[in-house]
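K.L.:
Residues per chain are reported as follows:
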Amino acid sequence: MNNATPAVEIRDLHKHFGRLEVLKGISLTARPGDVVAVIGGSGSGKSTMLRCINMLETPSAGEIAIHGEAYAMRPTRDGGLEPADRRQLQRIRAQLGMVFQNFNLWPHRTVLGNVIEVPVQVLGMPRDEAVARARQVLERVGLAEKEDAYPAHMSGGQQQRCAIARVLAVEPLAMLFDEPTSALDPELVGEVLTVIRDLAAERRTMILVTHEMGFARDVASHVVYLKDGRIEEQGPPEQIFGDPRSPHLQQFIRSIA
Amino acid sequence: MPDIDIATPIRPAPALPLRARLAPLLMPHRLVMAGLALTALAAIVTQMDWSWLPGYLPKIGHGLLVTLALLVSSVAAGFALALPLGAVQVTGPAPLRWLANGFCTVIRGTPLLLQLWLIYYGLGALFAQFPEIRASWLWPYLRQAWPYGFLTLTLSFAAYQGEVMRGAFAGVPRGELEAARAFGMPRLMVFRRVWFPRAVHRALPTLAGEIILQLKATPLVATITVTDLYAVITRVRQATYLTYEPLLLLIAIYLCLSGTLTLALRWLEGRVPSGR
Chain R
1 MNNATPAVEI
11 RDLHKHFGRL
21 EVLKGISLTA
31 RPGDVVAVIG
41 GSGSGKSTML
51 RCINMLETPS
61 AGEIAIHGEA
71 YAMRPTRDGG
81 LEPADRRQLQ
91 RIRAQLGMVF
101 QNFNLWPHRT
111 VLGNVIEVPV
121 QVLGMPRDEA
131 VARARQVLER
141 VGLAEKEDAY
151 PAHMSGGQQQ
161 RCAIARVLAV
171 EPLAMLFDEP
181 TSALDPELVG
191 EVLTVIRDLA
201 AERRTMILVT
211 HEMGFARDVA
221 SHVVYLKDGR
231 IEEQGPPEQI
241 FGDPRSPHLQ
251 QFIRSIA
Chain Z
1001 MPDIDIATPI
1011 RPAPALPLRA
1021 RLAPLLMPHR
1031 LVMAGLALTA
1041 LAAIVTQMDW
1051 SWLPGYLPKI
1061 GHGLLVTLAL
1071 LVSSVAAGFA
1081 LALPLGAVQV
1091 TGPAPLRWLA
1101 NGFCTVIRGT
1111 PLLLQLWLIY
1121 YGLGALFAQF
1131 PEIRASWLWP
1141 YLRQAWPYGF
1151 LTLTLSFAAY
1161 QGEVMRGAFA
1171 GVPRGELEAA
1181 RAFGMPRLMV
1191 FRRVWFPRAV
1201 HRALPTLAGE
1211 IILQLKATPL
1221 VATITVTDLY
1231 AVITRVRQAT
1241 YLTYEPLLLL
1251 IAIYLCLSGT
1261 LTLALRWLEG
1271 RVPSGR
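Chains as they are written, first to last, in the numbering used here: chain R, 1 to 257; chain Z, 1001 to 1276.
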């Protein structure tokens, strides 16, 4: 892999919902192996920014490139943008794994069924191969025993680990985490963070929207602080948490400490 | 956090010893009720006139088959129609949405008997005016009454079940569909792999009730000369001048049918791996 090519590159990203401007020009680069933690208060645009990366939200302006390939966009009538090439969109999406706050597993399929779904259906992998790989990733997240269970019969922590396995199974160029522990009972947060921490240690590319500041400080190679739709400050975690410059960030860190 | 509407699956209770299972049935008030019921049954069997029954059994059997055939065929065809009716109302382009919504509203808002007569007398008379239709291979069927009964019952089931499916499609949590899109699934695959199976699973519990309602709607076809179970019993009453015996038999048969259906569908529901 060419290390010079960013895994995810966002250039001057704007997003507004009606007249509400949520993102006001964000530029961000994640090189392969980067673990980018995105922090900020609620309503700062963290999740919206993350969801623009795989076009679950379409940007109003700006450019997003995944591994050097920019999404083909075309203007809409109301002055925004929309994906112009459905095939390209699907191809790029299949290379990005997303872990959602509410897990969003498919409840009518077993754990194994959830994990092999995308490799078999979207990537066209032979079923046997997909199952073998699924068993490996389930082992990694500690769910080897659970492959025949249905999501509704598992704890939130297990469901989220299954969702992470579902992402690992597609061997994504970058993993997107949208507040992966916010919907969990406090005692279940640890098991999910442990899994993510291990993945970060392997230098998998990740963009992680989180409220877990201690965790962000530990695992991130780069921390981005979002305030009112702008990047107010960014840098290595020691600098962001140890020596924050902007008064907002200082206050934010005090408020959650 | 699991979805609110996801009920914890009911696990079968561990088998109790026979005595413990019988104990609730042996309470005094229940014994009295059971005794009364048995007495009533005995009185019905011994005191009433059932001499006509053996002679009519073949006809009753035939009527039962007609009723079941109408039920099964109209439920199957109606369900097949209900899927697009429901899906279109949730995602379709506006004209299709209005059309499906209008269809469901009209059918659900008017008496089934009226629809049956309109279709039988209206369509039947209309078809008869076209020599091309009279000459076609379809005419031997279209001359009979049952195709109109089947059509009406099918449309009715489609409308009611279509409304159920609309709710079921709309109720599939957005996040599950979003996850499918986020992994690069094309729209049709999202529908085929996630949206559709999830909606059907969500609709299954109400399906049993709709099928029972449909069973109870089938006797209406007797009014357009289809000899279903109810029509046979009516003929028995006219021929024997008996009022109650044939009707009691009819009730017993319908009860058996709906009971069997309920049990069968409950069993089916337990087997569907929805993980709800």
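In case anyone wonders, no lab produced these hints; they're calculated from the structure. Computed from a predicted structure; not experimentally measured. From the three backbone atoms N, C-alpha and C, an ideal C-beta is built for every residue, glycine too. Wrong hints could be hidden among the right ones.
Distance windows between CB atoms, simulated [claimed, not checked]:
1) R/R203 x Z/R1108: 56 to 62 Å
2) Z/P1205 x R/E69: 22 to 28 Å
3) R/R230 x Z/R1108: 40 to 46 Å
4) Z/R1174 x R/A84: 23 to 29 Å
5) Z/R1174 x R/G124: 25 to 31 Å
K.L.:
If a hint holds in the structure, say so; if it does not, say that too.
P.N.:
Hints, verified against the model:
For R/R203 paired with Z/R1108, a C-beta distance near 60 Å keeps the hint of 56 to 62 Å intact. One distance hint, 22 to 28 Å for the beta-carbon pair Z/P1205 and R/E69, is violated here, with the actual separation near 46 Å. At roughly 53 Å, the beta-carbon separation of R/R230 and Z/R1108 lies outside the given 40 to 46 Å, and the hint is violated. For Z/R1174 and R/A84, the Cβ-Cβ distance of about 24 Å falls inside the hinted range of 23 to 29 Å, so the restraint holds.
Taking the beta carbon of each, Z/R1174 and R/G124 are about 27 Å apart, inside 25 to 31 Å as hinted.
In this structure, the hints that do not hold are numbers 2, 3, in rising order.
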